[in-house]
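Please arrange chains X and D on chain Z, whose structure you already have, making use of the hints.
Chains as they are written, first to last, in our numbering: chain Z, 1 to 270; chain X, 271 to 769; chain D, 770 to 980.
Please keep in mind that the hints were generated in silico from the structure rather than gathered at the bench.
Don't be surprised by glycine CBs; every beta carbon is placed ideally from N, CA and C.
Among these hints, one or two may not hold up.
Each pair of labels, with its calculated beta carbon distance range [to be verified]:
| no. | chain 1 | residue 1 | chain 2 | residue 2 | range |
| --- | --- | --- | --- | --- | --- |
| 1 | X | E507 | Z | D93 | 51 to 57 Å |
| 2 | X | K353 | Z | L186 | 45 to 51 Å |
| 3 | Z | A150 | X | G565 | 52 to 58 Å |
| 4 | Z | D103 | D | G932 | 27 to 33 Å |
Just some of the chain Z residues that point at chain X, by a computed CB distance under 8 Å [to be verified]:
| no. | residue |
| --- | --- |
| 5 | G94 |
| 6 | H98 |
| 7 | D165 |
| 8 | Y167 |
| 9 | Y237 |
| 10 | M241 |
| 11 | V243 |
| 12 | F245 |
| 13 | S248 |
| 14 | S256 |
| 15 | A264 |
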Amino acid sequence: MFSRCLAHVLACVTVLTGAAHAAPRPLKAPAGMVMVGPGVYRPLYPASPAERLVSVRRFYLDARPVTNGEFLTFVRAQPEWRRDRAPRLLADDGYLTHWAAADALGRDVRSASPVTNVSWFAAKAYCAARSARLPSEREWELAALASENARDASSDPAFVARILDFYSRPALAASLRDVGSGKPNLYGVYDLHGLVWEWIYDFSASLVAVDSREKGEADRNRFCGATGASAQTPSDYAAFMRVAFRSSLEAAYTTSRLGFRCAADLEETP
Amino acid sequence: MSKDFRRTIGVLRASAIALALVASACEQKPDVGAMQRHFTEHPAPPPDVTSVPSDDRIMAVLTSPPNVPPPTNRTKPARVVVKLTVKEVVMPMADGVQYSYWTFGGTVPGSFIRVRQGDVVEFHLQNDATSTMPHNIDLHAVTGPGGGAASSFTAPGHASQFTFRALNPGLFVYHCATAPVPMHVANGMYGLILVEPPGGLPPVDREYYVMEGDFYTKGKYHAKGLQAFDMDKGIEERPTYVVFNGAEGSLLGDKSLKAYVGDSVRIFFGVGGPNLTSSFHVIGEVFDRVYMEGGTHYQENVQTTMVPAGGSAILDFRVQVPGAYALVDHSLFRAFNQGAVGTLKVSGPEDKLLYSGKQEDSLAEKEQAPQAPVLVDSAPPSTLTRDERIAAGKTLFASTCSACHQATGSGLPGSIPPLAGSDFLVKNDKERVIGVVLNGLSGPVKVNGTSFNSVMPTWNHLTNDELANVLTYVLNSWGNPGGEVAPAEIAKVRGSGAI
Amino acid sequence: MTRRSPFVWSLALCLLACRQPAPAPPSSSSHAVPANQRSDVPVPAVTEATGPSLYDLPIHVVDRAGTTRPLAAFRGAPLLVTMFYGSCASACPLLTSDLKRIERQLPTGVRDQLRVLMVSFDQARDTPAVLERMTLDRGMDPARWTLASASDDDARSLAGVLGIRYRKLDNGEFFHSSAIVLLDRDGRIRARLDGLGRDPSAIVSFLTAPS
Numbered sequence: 001m002f003s004r005c006l007a008h009v010l011a012c013v014t015v016l017t018g019a020a021h022a023a024p025r026p027l028k029a030p031a032g033m034v035m036v037g038p039g040v041y042r043p044l045y046p047a048s049p050a051e052r053l054v055s056v057r058r059f060y061l062d063a064r065p066v067t068n069g070e071f072l073t074f075v076r077a078q079p080e081w082r083r084d085r086a087p088r089l090l091a092d093d094g095y096l097t098h099w100a101a102a103d104a105l106g107r108d109v110r111s112a113s114p115v116t117n118v119s120w121f122a123a124k125a126y127c128a129a130r131s132a133r134l135p136s137e138r139e140w141e142l143a144a145l146a147s148e149n150a151r152d153a154s155s156d157p158a159f160v161a162r163i164l165d166f167y168s169r170p171a172l173a174a175s176l177r178d179v180g181s182g183k184p185n186l187y188g189v190y191d192l193h194g195l196v197w198e199w200i201y202d203f204s205a206s207l208v209a210v211d212s213r214e215k216g217e218a219d220r221n222r223f224c225g226a227t228g229a230s231a232q233t234p235s236d237y238a239a240f241m242r243v244a245f246r247s248s249l250e251a252a253y254t255t256s257r258l259g260f261r262c263a264a265d266l267e268e269t270p
Numbered sequence: 271m272s273k274d275f276r277r278t279i280g281v282l283r284a285s286a287i288a289l290a291l292v293a294s295a296c297e298q299k300p301d302v303g304a305m306q307r308h309f310t311e312h313p314a315p316p317p318d319v320t321s322v323p324s325d326d327r328i329m330a331v332l333t334s335p336p337n338v339p340p341p342t343n344r345t346k347p348a349r350v351v352v353k354l355t356v357k358e359v360v361m362p363m364a365d366g367v368q369y370s371y372w373t374f375g376g377t378v379p380g381s382f383i384r385v386r387q388g389d390v391v392e393f394h395l396q397n398d399a400t401s402t403m404p405h406n407i408d409l410h411a412v413t414g415p416g417g418g419a420a421s422s423f424t425a426p427g428h429a430s431q432f433t434f435r436a437l438n439p440g441l442f443v444y445h446c447a448t449a450p451v452p453m454h455v456a457n458g459m460y461g462l463i464l465v466e467p468p469g470g471l472p473p474v475d476r477e478y479y480v481m482e483g484d485f486y487t488k489g490k491y492h493a494k495g496l497q498a499f500d501m502d503k504g505i506e507e508r509p510t511y512v513v514f515n516g517a518e519g520s521l522l523g524d525k526s527l528k529a530y531v532g533d534s535v536r537i538f539f540g541v542g543g544p545n546l547t548s549s550f551h552v553i554g555e556v557f558d559r560v561y562m563e564g565g566t567h568y569q570e571n572v573q574t575t576m577v578p579a580g581g582s583a584i585l586d587f588r589v590q591v592p593g594a595y596a597l598v599d600h601s602l603f604r605a606f607n608q609g610a611v612g613t614l615k616v617s618g619p620e621d622k623l624l625y626s627g628k629q630e631d632s633l634a635e636k637e638q639a640p641q642a643p644v645l646v647d648s649a650p651p652s653t654l655t656r657d658e659r660i661a662a663g664k665t666l667f668a669s670t671c672s673a674c675h676q677a678t679g680s681g682l683p684g685s686i687p688p689l690a691g692s693d694f695l696v697k698n699d700k701e702r703v704i705g706v707v708l709n710g711l712s713g714p715v716k717v718n719g720t721s722f723n724s725v726m727p728t729w730n731h732l733t734n735d736e737l738a739n740v741l742t743y744v745l746n747s748w749g750n751p752g753g754e755v756a757p758a759e760i761a762k763v764r765g766s767g768a769i
Numbered sequence: 770m771t772r773r774s775p776f777v778w779s780l781a782l783c784l785l786a787c788r789q790p791a792p793a794p795p796s797s798s799s800h801a802v803p804a805n806q807r808s809d810v811p812v813p814a815v816t817e818a819t820g821p822s823l824y825d826l827p828i829h830v831v832d833r834a835g836t837t838r839p840l841a842a843f844r845g846a847p848l849l850v851t852m853f854y855g856s857c858a859s860a861c862p863l864l865t866s867d868l869k870r871i872e873r874q875l876p877t878g879v880r881d882q883l884r885v886l887m888v889s890f891d892q893a894r895d896t897p898a899v900l901e902r903m904t905l906d907r908g909m910d911p912a913r914w915t916l917a918s919a920s921d922d923d924a925r926s927l928a929g930v931l932g933i934r935y936r937k938l939d940n941g942e943f944f945h946s947s948a949i950v951l952l953d954r955d956g957r958i959r960a961r962l963d964g965l966g967r968d969p970s971a972i973v974s975f976l977t978a979p980s
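For reference, chain Z alone in the conformation it holds in the complex (with noise of 0.2 Å):
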């Protein structure tokens, strides 16, 4: 018990340096980008004791989704990614198929609202095209954690009611709001919540929620590690969906609510 706690203050003290080592070197957001962190997170699922926290080092963030004109943009420069070309096996039958043609968004898709129907592989590659990266779980989780006025407002009842309220209400196939038209989080992020899923880099990692009854020895046969991870806080079912999406997804899937935003490393001398 103790070593564990002194494992959480060593986490802490690291974050709290890393923190005071990067300040006074100041650094240029790539354009689009703000940066979020150094931060703790607290995982739904902790892939073990040493993990229910977890330290997320300083990263850039595109601070809106990324969108369909942005997207289309992407596409002419590398038609491979057109919806007429790009293999099954790297976007499903779905991809882009909201867009009047294959390299035109028509009269009825808003160039400022995000990009949809797109698949990882897509969005990676999207991602790569600007010499950035989707953002890992942890990444997008922590910079997701902060509201407009606080870095961690998980525990604010009417921040997590408002999130809940978006992945409870019907799902409307009409034209989505554009891009960054509400209020950005205390990092300057927009649409974290309330508009579209978003991609991460390692949505394969969630792997609890496929039946989120099994728990423990249930599903040994299935995986292999560690095992009885078991949620810290049941009520934070905002947390549970997002992981019972990403458990349903497969690298080619796209949908009509899943979009993305890139992240990039910060370039830090250590």
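Using the frame of chain Z, we list chains X and D on its own:
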């Protein structure tokens, strides 16, 4: 190829030929009764798993509640294909109340599935492209890990398929088991699958499909508009609505279940939950047979049957007397204050002797509801025309008042005073009538020359508008004198505390 | 047990089919039907031949000789693919024994055609030397079995198309799902076993079906 392998192929080929011969023999002589007798006289031989034809597929007939697919009428197992689509849809939960339901097939409960014991069920679960959430299905009829949940976990716009063998006969609940499971169930993701025993269930004249579920909304009971799910109420097990077939009034008025005098009626009843156990009762009826917990054995002559969340019961009874029979959860606040009321309307010739013999069951309605706290209606009164009030009042009457006073306003002889052609409405002034509805009434009262000594609960949790509508409807129905009640008049009586 | 002719067996079974419309509960189902004919265990569906080829996936693996090979280099023979990490003490040895069990059910001629590819998502620790030692220690046929590792990015991509999920823990272990996926000679998924110790009949029947 190895010798063993050749032998296996040989077995398969010979089996296929012999099977074809025997199968045709079976079809020529479908004497199920004889087979059944034979079956009971001798201990069961091991199951013949090769009797399932691998190519002939039957599409399962699915129905939306309260309808039930016809019996399979099959004498042997088959390969049955079930195609079910998950849809997230906004539908009314009560008059003026909307809710974003998650459904199997677009209804709550989901489509009724009917197969036969031994069937190989090829299950296709599609998640509609407009869905926000991933979903899956756990069928309690499945023998296998998760009841199919892991094999059917499906992202929006995608589909999954898995196959199971219906080993056990019975009436089984199915539901979504995606995290957070209670929320998916609370949003309406449940339904029933019937696995018929060989030979089927005893034939009846009418079969209906009813499920009870508890719902948790941000707003209180009857708060108007699109209501969001309330996680806290769910965790604390404080439902806002407890209803049959997903919405208040889904089995009332024009949507009541129907039967004729002399009919044998079967209700496939299930409880989706997520939290509550039902004390299911049909006022004025006794269940002749209850297949308890949806299993093989039945109890006879049952008044109220308890059905757990995620459980079911098959209820068989014969209707002998015409009239309206209320389906209730006999945990009565759910029936009177949260919506758990439906109606079975029986038409046909009367038999006065039989009717009086059945009356005692309606005593259920005498149970007194404690006084609810008075809620002062702060919403601005609406400006409806008299006709609009009558129309709105009719809906409210059907969902709220008709369980006791009956849709025809006839009341119930001996216990519930009539509203049709009621001299009470003529003799008393408006304030007194409003007072009765707001504050309830107990003790003796004489209506049309007959004395009643029952208890009417208070209805002060309804808004001034709602009470004005329902009273205007009553005043203008069934030969009553007409007129109109305005919300302001309700407010005045509410404020004065007059009776 | 004395051997009876196949026809006697099948006739007996079919007579039962006529006389007994209801199979008994599973507890009493122990009788002489060959395991791969047992349809009371849901048989995983064999995927139709129309799916995309995994050889469109532009990834590379590093084998026990240290050679970097594109995944598409495995084109041309039926392939069992799975993902693992070498230092896993529990599930991964079971995965190997599942693969061997599938092989044992195959006629020699079919087995000789089959290739097995195990891709590690732990490239840092599963060096060519480690993979070499594993191949030898676990008695894998080096002519047909390839143990390899992939970069983090390539492993995520492969897992993404195989429907395999894994999470790297801070202590260097991995938490992962186990699946054995059968690709045809063109790289299309034809059958899969999710989990360990599952009935391999879908894989065996595809491989042994006359082509």
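Here is how each hint holds up against the structure:
| no. | hint | result |
| --- | --- | --- |
| 1 | X:E507 with Z:D93: 51 to 57 Å | violated, 43 Å |
| 2 | X:K353 with Z:L186: 45 to 51 Å | holds, 47 Å |
| 3 | Z:A150 with X:G565: 52 to 58 Å | holds, 53 Å |
| 4 | Z:D103 with D:G932: 27 to 33 Å | holds, 31 Å |
| 5 | G94 | holds, 5 Å |
| 6 | H98 | violated, 10 Å |
| 7 | D165 | holds, 5 Å |
| 8 | Y167 | holds, 7 Å |
| 9 | Y237 | holds, 5 Å |
| 10 | M241 | holds, 7 Å |
| 11 | V243 | holds, 7 Å |
| 12 | F245 | holds, 6 Å |
| 13 | S248 | holds, 3 Å |
| 14 | S256 | holds, 6 Å |
| 15 | A264 | violated, 28 Å |
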